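Participant: Chain S with the ligand: place on chain V using the hints.
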Amino acid sequence: MRRFPFLPKPALLFAAGAAAIAVFYACSRTATNTSDVLAGNAASKVYVAPGTYDEYYAFLSGGYNGQVMAYGLPSGRLLKLIGVFSQNPETGWGYSEETRPMLQTTYGLVPWDDTHHTELSQTAGVPDGRWLFVNGNNTPRVARIDLKTFETTEILQIPNAGGGHASPFTTPDTKYIISATRFSVPVPNADVPIPSYKQNFKGTLSFITADQPGRMDIAFQVMMPGFNYDLGHAGKDVSDGWFFFTMYNTEQAYEKLELNASQKDKDFIAAVNYRQAEQCVAQGKAKATSSDYFHNVLDEKTRMARSERRTSVKMLDPRDCPGLVYFLPTPKSPHGVDIDPSGEYIVAGGKLATVIPVHSFSRMQKAIADKQFESDVDGIPVLKYASTIGGEVQKPGLGPLHTEFDGKGNAYTSMFISSEVVKWKLGTWEVLDRMPVYYSVGHIMIPGGDSKKPWGKYLLAMNKITKDRYLPTGPELAQSAQLIDISGDKMKMLLDFPTLGEPHYAQAIPADLVTRTSMKFHKLSENRNPDITASEAAGGIRREGKKVHVNMVAIRSHFAPDNLEGVQLGDTVLFHVTNIEQDWDIVHGFGVMGATNSGIVIPPGETRTIKWIPSMVGVFPFYCTDFCSALHQEMQGYIRVSPAGSNVALSANVSAKAATQVERMKQVPRASSAPR
Amino acid sequence: MRQALLADRAGWAGGRSGVLPALLGQAPMIATKPMPNRRGMPSLSRALVAISSLLLAGLFFFPLWQVRLKAPQYPEGLGMNIRINTIEGATENDLKNINGLNHYIGMKPIDPETIPELRFMPWIVGALIVSGLAVAAVGRRTILYSWLAGFFALGVAGLIDFWRWEYDYGHNLDPTAIIKIPGMSYQPPLIGTKQLLNFEAVSLPGIGGILAGVAFALGLFAVIHSLRQGRASQDSHAVSAAGETFRSA
Ligand SMILES: [Cu+2]
Numbered sequence: 003m004r005r006f007p008f009l010p011k012p013a014l015l016f017a018a019g020a021a022a023i024a025v026f027y028a029c030s031r032t033a034t035n036t037s038d039v040l041a042g043n044a045a046s047k048v049y050v051a052p053g054t055y056d057e058y059y060a061f062l063s064g065g066y067n068g069q070v071m072a073y074g075l076p077s078g079r080l081l082k083l084i085g086v087f088s089q090n091p092e093t094g095w096g097y098s099e100e101t102r103p104m105l106q107t108t109y110g111l112v113p114w115d116d117t118h119h120t121e122l123s124q125t126a127g128v129p130d131g132r133w134l135f136v137n138g139n140n141t142p143r144v145a146r147i148d149l150k151t152f153e154t155t156e157i158l159q160i161p162n163a164g165g166g167h168a169s170p171f172t173t174p175d176t177k178y179i180i181s182a183t184r185f186s187v188p189v190p191n192a193d194v195p196i197p198s199y200k201q202n203f204k205g206t207l208s209f210i211t212a213d214q215p216g217r218m219d220i221a222f223q224v225m226m227p228g229f230n231y232d233l234g235h236a237g238k239d240v241s242d243g244w245f246f247f248t249m250y251n252t253e254q255a256y257e258k259l260e261l262n263a264s265q266k267d268k269d270f271i272a273a274v275n276y277r278q279a280e281q282c283v284a285q286g287k288a289k290a291t292s293s294d295y296f297h298n299v300l301d302e303k304t305r306m307a308r309s310e311r312r313t314s315v316k317m318l319d320p321r322d323c324p325g326l327v328y329f330l331p332t333p334k335s336p337h338g339v340d341i342d343p344s345g346e347y348i349v350a351g352g353k354l355a356t357v358i359p360v361h362s363f364s365r366m367q368k369a370i371a372d373k374q375f376e377s378d379v380d381g382i383p384v385l386k387y388a389s390t391i392g393g394e395v396q397k398p399g400l401g402p403l404h405t406e407f408d409g410k411g412n413a414y415t416s417m418f419i420s421s422e423v424v425k426w427k428l429g430t431w432e433v434l435d436r437m438p439v440y441y442s443v444g445h446i447m448i449p450g451g452d453s454k455k456p457w458g459k460y461l462l463a464m465n466k467i468t469k470d471r472y473l474p475t476g477p478e479l480a481q482s483a484q485l486i487d488i489s490g491d492k493m494k495m496l497l498d499f500p501t502l503g504e505p506h507y508a509q510a511i512p513a514d515l516v517t518r519t520s521m522k523f524h525k526l527s528e529n530r531n532p533d534i535t536a537s538e539a540a541g542g543i544r545r546e547g548k549k550v551h552v553n554m555v556a557i558r559s560h561f562a563p564d565n566l567e568g569v570q571l572g573d574t575v576l577f578h579v580t581n582i583e584q585d586w587d588i589v590h591g592f593g594v595m596g597a598t599n600s601g602i603v604i605p606p607g608e609t610r611t612i613k614w615i616p617s618m619v620g621v622f623p624f625y626c627t628d629f630c631s632a633l634h635q636e637m638q639g640y641i642r643v644s645p646a647g648s649n650v651a652l653s654a655n656v657s658a659k660a661a662t663q664v665e666r667m668k669q670v671p672r673a674s675s676a677p678r
Numbered sequence: 002m003r004q005a006l007l008a009d010r011a012g013w014a015g016g017r018s019g020v021l022p023a024l025l026g027q028a029p030m031i032a033t034k035p036m037p038n039r040r041g042m043p044s045l046s047r048a049l050v051a052i053s054s055l056l057l058a059g060l061f062f063f064p065l066w067q068v069r070l071k072a073p074q075y076p077e078g079l080g081m082n083i084r085i086n087t088i089e090g091a092t093e094n095d096l097k098n099i100n101g102l103n104h105y106i107g108m109k110p111i112d113p114e115t116i117p118e119l120r121f122m123p124w125i126v127g128a129l130i131v132s133g134l135a136v137a138a139v140g141r142r143t144i145l146y147s148w149l150a151g152f153f154a155l156g157v158a159g160l161i162d163f164w165r166w167e168y169d170y171g172h173n174l175d176p177t178a179i180i181k182i183p184g185m186s187y188q189p190p191l192i193g194t195k196q197l198l199n200f201e202a203v204s205l206p207g208i209g210g211i212l213a214g215v216a217f218a219l220g221l222f223a224v225i226h227s228l229r230q231g232r233a234s235q236d237s238h239a240v241s242a243a244g245e246t247f248r249s250a
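Residue numbers (the working numbering), protein chains in the order written: chain V, 3 to 678; chain S, 2 to 250.
The following block holds chain V by itself, in its conformation from the complex (with noise of 0.2 Å):
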């Protein structure tokens, strides 16, 4: 077995100067490969005809923009941008009363995150097209959108951690999804020294029950050194029931990271016998810990979010369930930690190493028969090297990150430094091909890529620079997205498409296994939110203290009803507005004047509800802000605002048939009115 090499502090300074160059080298072809994609026909092979849907749908994470992009592929359509942890003013995502419970947390409302890894549910190992999971890595949380509506409907904070970096990843059959923190913190979280970061500070690993909609949690957490836990998969197959986590910062550095948590010639790749911690579960061994952490969901059927707050999780102690963890030793400081289709092979992806470390699961599994043990960390043994790797790739690149696979024996691994994507051969571990991408690459997906049946067609790199790619937008210009062909013996690179934040990672399954389950509207008949207007006739405005409900319905092309009279100075108007079309694509939006906070668009059969506090007398219109009709311009309305103590009666305009209605509604507040 080869020695790893240790690289000191010069060999950094190099590979600093290798990525300049690498950016040199690449500015200086780009011509030249532009004309080599002309002279292919990948313009033929991203074209989708006006009118014809694309092969697969693509998630990218948004970055620090909170969201989740769908695009199709091969064409690079953006689809649509998804509301996740951040608000989205475009559709009134977590501004509406209903959405806001949504991105409540033990800090209270966190309107941004930082989405980094798109999951998909899986059934039998294969992306099944149910859900798609994303995880927020500044606040540590895991989103669940449900891909009938395109919609968060799940949200779960993740306790006792600093950061969700190696999150979501999922088991093949999504009993769990993972979320292992980032950065190690006191647990609990306590006013402690910093440099007291060796005894005080800990990581910890979160398994998330994830297969019945509505119902996440911590299943339990694994109590973990305090290192820098950085990405996870599960295994599949052979290795089903494991779970593997890279690790960096084993130094247990706590300033200048960047220099001192790079001092080990390697760090460790965590193996979790998951089993065996649901059996210690079972038999006690976890401990009840008093945390605080928040639960949202979106009922299906109010179609409202609601929080729970939750307050303890059960944590595992390695120490108290043998046989849970154990250390694979892996140079150096690993990224990616990739899991081959057959379950056999962990390919690492060591962004400091100069060799991509392939571990062997079969090699792995002997070892531990073996006791072939080097030494152990907080009671966990550490497997030795030698005993567990399976093989290394010479020479693949430099900053090897992340790996996929396409289902035929090859994997791909994206080169941050030297801006490539290099396809080597499992099991013989030679390069077979390399291409360059535009500039930085990241992640790198192929369809299924991490999953037992890849669909190796398409390769997407995910890149984090692009100087000179793309018309310039000032000093910050878009991310891109870099497709190739990945069919053949060669890649072949077809298209490069901007993408709005800066994408981590992407998921992509078959367009057919969304569409087929696709919504196009919610009925009307099944809306039990509580503020419905299912009818014009049952529209109307009712006083609550302070608060005055607005019942109203929009359908094209009118709000009814459209006139409103009686708010007072230091009321706060709830716009309770019901979609009441059944039809599909026709969406309405409203937006008020002077509104502190967002418009709200409704989808068909929906009602959303936006918070509007007055701040001045006067008269103030509402709109439709989605164009839904001939008549859109028309559908509008006004409000009416008086002084405070005000005798104007509180009035709604809607058809002689709620007339009645509207004057039982008023009766209700003038009896219970708080006094002003």
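Hints were generated in silico from the structure; no laboratory data involved.
Misleading hints may appear alongside valid ones.
Said to hold, decoys possible - Below 30 Å or equal to it, Euclidean Cα-Cα: the simulated DSSO-like pairs (lysine-lysine) are: (1) 266(V) to 200(V); (2) 150(V) to 525(V); (3) 97(S) to 150(V); (4) 525(V) to 71(S); (5) 71(S) to 522(V); (6) 181(S) to 150(V); (7) 525(V) to 97(S); (8) 71(S) to 82(V); (9) 195(S) to 522(V).
Because the structure is a prediction, the values reported are computed rather than measured.
Facilitator: For chain S with the ligand alone, coordinates are given in the frame of chain V:
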């Protein structure tokens, strides 16, 4: 041998239950039964009327008529199925959506509750079926002719009535309608295709309507056959004529 067999069967095939074997596909035996007199219907006619009546029962299960609408914004189309007792959307919300669109041109909402015909049409169809079965059972030529005449009259009245409703919906528009085009009416075609603004309207009989058409054709055939038999019974070569009928049947 064949003669003997047929003669043997003729005994029970010739009675009032003659309809039943006809329905069971045993029409050949009819050929040898004694010729009905001038007032009685031939068994084939009775069988045809019975089948015709049973086909009419299809109106209780299948739409009588269907109207399909297509526009650029509705590539999937909108549709209405007119049944004898109601009008419903081709898919769950089509009627609601059609009404939603019709308000732009000032057309009254199509509300099955307000159409009285839909309340008594099932009774008319039911009466037609029961009387048809009675005609088959009684087997009198004169009531067959009046039954078919009634059937015809009801069919024509139905079409006229349908046309009248279409006319009313298409012409009696709300004077405050949003879209007004001088000289434009929105009457859908009775049968066939017509462009109404951005919509292409196609109006065709539904399965029920087609069954009713076939039922009428069978009734007509029963009458023709009966008339021919009437003439044939005066003919001295009755048996050979019956044989002819067998072949033509
Ligand atoms: Cu609108």
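Participant: Decide, hint by hint, whether the structure agrees.
Facilitator: Against the structure, the hints come out as follows:
1. 266(V) to 200(V): 16 Å, holds
2. 150(V) to 525(V): Satisfied, since the Cα-Cα distance of roughly 14 Å is no more than 30 Å.
3. 97(S) to 150(V): It holds: about 24 Å lies between the C-alpha atoms, which stays within 30 Å.
4. 525(V) to 71(S): Answer holds: residue 525(V) to residue 71(S) is near 23 Å, not above 30 Å.
5. 71(S) to 522(V): Answer holds: residue 71(S) to residue 522(V) is near 18 Å, not above 30 Å.
6. 181(S) to 150(V): 40 Å, violated
7. 525(V) to 97(S): Cα-Cα ~13 Å, so holds.
8. 71(S) to 82(V): 27 Å, holds
9. 195(S) to 522(V): Measuring from Cα to Cα gives roughly 29 Å; hence the hint holds.
Of the hints listed earlier, the one the structure fails to meet is number 6.
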